[in-house]
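This is what each chain is made of:
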Amino acid sequence: MAHDTSYTDQDFKIVGSRPPRPDGIDKVTGRARYGADVSAPGQLVGRVLRSPHAHAKIRKIDTSRAQKLKGVKAVITSKDLPDLTEGNRGNYDILENCMAREHALYDGHAVAAVAAVDEQTARKALKLIKVDYKVLPHVTDVDAAMQDDAPVVQPHIQHDGKPSNICNVSQFGHGDVEAGFAQADVIVEKTYKTEQTHQGYIEPHACLASVGPDGQGELWVTTQGHFTVRNLCASLLGMDIAKLKVTSSEIGGGFGGKTHIWTEPLALALSRKANLPVKLVMSREDVFKGSGPTCSTSMDIKIGAKKDGTVTAASATLRYHAGPHPGPWGMLGGMTAWACYDFENVQSIAYDVLVNRPKVAAYRAPSAPMAAFGVESTMDLVAEAIGMDPVDFRIKNAAKEGTRASYGPTYGPIGIGPTLEAVKNHPHMRARLGKNQGRGMACGFWFNFGGQTCTDLNIGVDGSVNLTVGTVDVGGARASMSLIAAEELGIPYDQVKCNVGDTASLGHNDTTEGSRGTFSSGMATIFAARNAIEEMKARAAKTWEIDIEDIEWRDGAAHAMGMQHSNLAPLSLAEIAGASPGTGGPIAGHNEVVADGAGVSFASHICDVEVDPETGATRVIRYTVVQDAGKAIHPDYVEGQFQGGAAQGIGWALNEEYVYGEDGCLQNPSFLDYRIPVCSDLPFIDTEILEIPNPNHPYGIRGVGETSIVPPLAAIGNAVSSAVGVRLDHTPMSPPRVLKAIKEKQAGG
Amino acid sequence: MRYEAPSTTREASALLANAKGKAVVLAGGTDLLARLKSGDIEPDLVVDIKRIDTTQSIKRMASGFRIGASVPCVEIGRSAALKRAWPGVVEAAQLIGSDQIQGRCTIAGNLCNASPAADSVPALIAAGAKASVVGTAGRRTVAVEKITTGPGKTSLGKDEIVESINLPKRPPRTGDAYLRFTPRTEMDIAVVGAGVCLTLNGKGEVSKARVVLGAVAPTAVIVADAANAIIGSRLEDSALAEMAAACEAACNPIDDMRGTIEFRTDVSGVLAKRAAKIAYQRAGGK
Amino acid sequence: MSAVQVSTTVNGDAIDFVCQPTETLLDVLRNRLGLIGSKEGCGTGDCGACSVTVDGQLVCSCLVLGAEAEGRKIGTVEGLADGDKLHPLQKQFIDNAALQCGVCTPGFLVAAKALLDRNPNPTEQEIRYALAGNLCRCTGYDKIVRAVNAAARDVRKQQARKKR
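Chains as they are written, first to last, in my numbering: chain S, 1 to 749; chain Y, 1 to 286; chain U, 1 to 164.
This is chain S alone, in the form it adopts within the complex (with noise of 0.2 Å):
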């Protein structure tokens, strides 16, 4: 059924109200469980092998020794998972980098995998597998493997007629770059540098499979997209995607890091080979080494523009790692590094690179940070260049409703403007500052998206509503959905209970990336609701014995519409779900939808860091994030929402980076030493929620997850500048680049 999915501008009765979340009670008291939380009778232990070298060719593999070890159920290499791709590259891919086939391609690679008894037993199983490495000159730096002479990574793999690493070139933009630039006053150009980051989710991937040799099998996971995870293992495994029910557990937090497989398929392969359940947890240096970090780039950025403040032109030149295989991640880069702006010559050519590293997936908003970081640090440069106030600077070349994109479509309604307004009256604009202390502001885009969805919605004979979504709750999103649907039906929030379902009690779902939980199953929500409230109409019809057409549907009742039916007391919700027994039975809601229209997002941000000019030590003192919501369903979770996602773009600017060896191994894989921030090391994040409707989604939801990483590399970068006067064009901004800096600008550098 099509349904129209045009904002309505409604008076809302609960939307925007913050209640406690229905899943509160279970995560304060421990009894939430996690992907590590669930157990099965009998079931083993599972545990990853992982390769010591950066790159290496796997000349053979001895598993007869850890086999014999008594306790050792089920040791599996590659052979066990036979290549079923039939030629869907991608796929491929994904299973060589589930498990090393013939090449290890970096520090960290699956190469084998055991299940045993316990946790020892296990452990003592790796140690005797033999390896047989050869090992082959690595390249860990996106620069270097872009280099001539650098080891490539994937020889199928050609750029210019000959193997290579640079795996994707994009293209973005409109207008005449080079005319553009001839017409600036001033020109700015200027190359910056960005290290790999982790999503540093505090629960390690963990999951619990289950296959036995009649083909069926479950998976308990935690997972942002269980559906994705069915099918891709299915397909790997060669198993009937029905076969395999996988439910995802709660999630301890993914970030675009949980939106693909890893050692899945390996745990299912296990077990399928013990026939029996086999409980498989990373470490965290697994975690670290072994699932998929955010990339690191290396961008030249230039901007023109005239004395008045209108750019002429902008450029970008974007080198993205992707890892040992091919990904989207410089493309993205590219599509949102001038986003934000209107400007008449705009271009952005970006690269996608092949490195020894781990894979590269989705980090909140993937890509779009680093490119800010280059393009939000250059137009402050160009403002100080012309002379005018930042904020200016970026109100004037603001996009705007009918803008066309750097990437291509025409902008609706959209949140740069007033999210620049908003920052350019917020009293955090005219605190003072002290010694030692500035402030920077910078801006960020991030496209959103909808996607496959499919939302049930069953109505209890007491009038309790059961919804089941197949989006994950990654972060109070069942709070969300209760409220909409409440909202629809007219009851109370606490009369919705929303459940997240497993892949047997729901069509597919995509994966909850993109930001698009609360807008894609919250549009699915409503129309489910609506389908309900038709059923209900319909069962008021046949009990009043009149037409349906003379029902509407408000405050939770059917009420007869007319005079003639002035005699009908309004039947509630809870008595129309009383009599459905008699009426034609259950009650229930369906709706399946590609939920189109995500609505883009923007934000700008202001930050107050203090610098310690003697050891480099950069403190944020004060934040502000200002972003558009479209509309805000929890306002508590749209808040948390942007407070996160400052945080991490603060550790990313600060501290947070992935540090290679020579040996192309990873130096840090702990949170000892891959620093996250801690609560002492940041202030309040204070939050301004403005409400642009989107225009594609009846209540004007737009995603509201992934911008907030956007703007803190470069607003942190210019708070910096402004402080101590150096501007740092390589993150993270660790107290030793800071210091060095700060020096080189002493000595006169």
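The set of hints was computed from the structure by calculation and includes no laboratory data.
Heads up, a few of these hints could be off.
Quick list of simulated restraints, FRET-style, between CB atoms [to be verified]:
| id | chain 1 | residue 1 | chain 2 | residue 2 | range |
| --- | --- | --- | --- | --- | --- |
| 1 | S | Lys127 | U | Ser2 | 18 to 28 Å |
| 2 | S | Asp143 | Y | Lys22 | 56 to 66 Å |
| 3 | Y | Ser57 | S | Arg18 | 49 to 59 Å |
| 4 | Y | Lys22 | U | Ala3 | 16 to 26 Å |
| 5 | U | Ala3 | S | Arg65 | 20 to 30 Å |
Some, not all, of what chain S presents toward chain U, calculated at C-beta under 10 Å [said to hold, decoys possible]:
| id | residue |
| --- | --- |
| 6 | Ala32 |
| 7 | Asp37 |
| 8 | Pro41 |
| 9 | Thr191 |
| 10 | Tyr201 |
| 11 | Gly252 |
| 12 | Glu285 |
| 13 | Asp473 |
| 14 | His634 |
| 15 | Tyr637 |
| 16 | Phe642 |
| 17 | Ile685 |
Only pairs whose alpha carbons sit at most 25 Å apart, straight line, appear in this in silico BS3-like list of lysine-lysine [claimed, not checked]:
| id | chain 1 | residue 1 | chain 2 | residue 2 |
| --- | --- | --- | --- | --- |
| 18 | Y | Lys146 | Y | Lys169 |
| 19 | S | Lys60 | S | Lys134 |
| 20 | S | Lys127 | Y | Lys22 |
| 21 | S | Lys435 | Y | Lys37 |
| 22 | S | Lys124 | Y | Lys37 |
| 23 | Y | Lys50 | Y | Lys37 |
| 24 | S | Lys193 | S | Lys302 |
| 25 | S | Lys13 | S | Lys435 |
| 26 | S | Lys743 | Y | Lys208 |
| 27 | S | Lys497 | S | Lys13 |
| 28 | S | Lys124 | Y | Lys20 |
| 29 | S | Lys124 | Y | Lys22 |
| 30 | S | Lys306 | S | Lys190 |
| 31 | U | Lys91 | U | Lys163 |
| 32 | S | Lys124 | S | Lys68 |
| 33 | U | Lys91 | S | Lys497 |
| 34 | S | Lys497 | U | Lys85 |
| 35 | Y | Lys37 | S | Lys127 |
| 36 | Y | Lys50 | U | Lys73 |
| 37 | Y | Lys146 | S | Lys127 |
| 38 | Y | Lys37 | S | Lys130 |
| 39 | S | Lys190 | S | Lys743 |
| 40 | U | Lys85 | U | Lys162 |
Ideal Cβ placement from N, Cα and C applies to all residues, glycine included.
Following the hints, put chains Y and U in place on chain S, whose structure we already have.
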């Protein structure tokens, strides 16, 4: 792996002496357990010394303080007398890890783990602390700086256990301080640490000083030239600059994921200056 | 490897268990006693998700051997509520939306309770440093600090009521 929790140091020492294979001492366990988890070590015997009476308390004596080897750092922070006498040592002990780590970690463990970046060690050395070591042959008292011989290496015999760390009574007009640099405000390993202890004469001039750096060499470094630079001074800028230069000259750090050689060297002087100023004030200098 | 027999107290209940000497207290709580509230985020004491108290002292249970629990009193997140009455921290975490994914929440609650037990009137800075051993990647800590602050107020009110 066998786990033993003896009730006397003598028993513990005997267990270690007679152990077949690798034997390790467990005090707070904040380093040991992490190493067990990673498979970095696979001992055959773990001797938990927390059930030994003599390791469990902080004792104030005429000669100073005796801090038992299994006293967690949180207890050190709660000892008002110790804080009054050796605030630098207490601050250093309290910088080790989070509240959770503080609840377990010990200064004896911090010493015996022999990390170049151990926070409490430069402060202890600056304060002139000694370790009371018990082995099968009896007891010996060793200056703290003699315990660590290199990263992960100590001068202790296989059967020996540090039973306590002993601090002297604080001499008159003496103050100590410890500062470290970490990129995060908490939950971090020192990139550079600086412990300073100094004594003033009646005129407010530094008459004795000890400047000790951490994380800039394989072991904590006593920088005699840095001490000499401030002896006789009231920490005038020139004296401090000379001290900082001496610190920088004494650095022999490594480049690693936690900090560059250049950075560690630069910051050693900065921290030593700052620590010296605090110690000076604590000694009654103005 | 010989198993160790341990008698201990968990959340006020006497418990006997047998474990391998290499097992951590966290392993024992989760795998042998079914107390899954304590989480393993790192296994090296760097994230605080496994925070428990041992004889009232806040520790990371991943850095304690199960064998060390002999004769001690262990407190976990499962012991925070008093029957069906939530601890003020639990209530304020829900009311202040101080959790998103919630996997770090048990550790934060245990650590925050340890703070309020010794200091029911902490400053913002004291809260931030007391919780610095607990990593949260979702919230930016903002709402967590606010929730602890609100719970501290509740705890002080409770204490005042008891005194009266």
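Hint-by-hint comparison with the structure:
1. S:Lys127 - U:Ser2: 18 to 28 Å: holds, 21 Å
2. S:Asp143 - Y:Lys22: 56 to 66 Å: violated, 45 Å
3. Y:Ser57 - S:Arg18: 49 to 59 Å: holds, 50 Å
4. Y:Lys22 - U:Ala3: 16 to 26 Å: holds, 20 Å
5. U:Ala3 - S:Arg65: 20 to 30 Å: With Cβ atoms ~26 Å apart, the hint holds.
6. Ala32: Holds - the Cβ of Ala32 (chain S) comes within 10 Å of chain U, reaching about 6 Å at its closest.
7. Asp37: Asp37 (chain S) check passes; min Cβ-Cβ to chain U is 4 Å, inside 10 Å.
8. Pro41: violated, 14 Å
9. Thr191: The hint is violated - Thr191 (chain S) has no Cβ within 10 Å of chain U, the shortest such distance being about 30 Å.
10. Tyr201: holds, 6 Å
11. Gly252: It holds, given that the least Cβ distance between Gly252 (chain S) and chain U is near 3 Å, below 10 Å.
12. Glu285: holds, 9 Å
13. Asp473: holds, 9 Å
14. His634: holds, 8 Å
15. Tyr637: holds, 6 Å
16. Phe642: holds, 8 Å
17. Ile685: holds, 5 Å
18. Y:Lys146 - Y:Lys169: holds, 20 Å
19. S:Lys60 - S:Lys134: holds, 10 Å
20. S:Lys127 - Y:Lys22: holds, 19 Å
21. S:Lys435 - Y:Lys37: It is violated: about 45 Å lies between the C-alpha atoms, which goes past 25 Å.
22. S:Lys124 - Y:Lys37: Since the Cα atoms of Lys124 (chain S) and Lys37 (chain Y) sit roughly 13 Å apart, the hinted pair holds (cutoff 25 Å).
23. Y:Lys50 - Y:Lys37: At roughly 21 Å apart (the allowed maximum being 25 Å), Lys37 (chain Y) and Lys50 (chain Y) satisfy the hint.
24. S:Lys193 - S:Lys302: The hint holds at about 15 Å.
25. S:Lys13 - S:Lys435: violated, 49 Å
26. S:Lys743 - Y:Lys208: Violated - the C-alpha atoms of Lys208 (chain Y) and Lys743 (chain S) are around 33 Å apart, more than 25 Å.
27. S:Lys497 - S:Lys13: Distance ~18 Å between Lys497 (chain S) and Lys13 (chain S) Cα, so the pair holds.
28. S:Lys124 - Y:Lys20: holds, 20 Å
29. S:Lys124 - Y:Lys22: Answer holds: Lys124 (chain S) to Lys22 (chain Y) is near 17 Å, not above 25 Å.
30. S:Lys306 - S:Lys190: holds, 18 Å
31. U:Lys91 - U:Lys163: holds, 23 Å
32. S:Lys124 - S:Lys68: holds, 11 Å
33. U:Lys91 - S:Lys497: Holds, at roughly 20 Å.
34. S:Lys497 - U:Lys85: holds, 22 Å
35. Y:Lys37 - S:Lys127: holds, 15 Å
36. Y:Lys50 - U:Lys73: holds, 15 Å
37. Y:Lys146 - S:Lys127: violated, 37 Å
38. Y:Lys37 - S:Lys130: Holds, at roughly 22 Å.
39. S:Lys190 - S:Lys743: holds, 20 Å
40. U:Lys85 - U:Lys162: holds, 17 Å
Checked against the numbered hints above, the structure violates hints 2, 8, 9, 21, 25, 26, 37; every other hint is satisfied.
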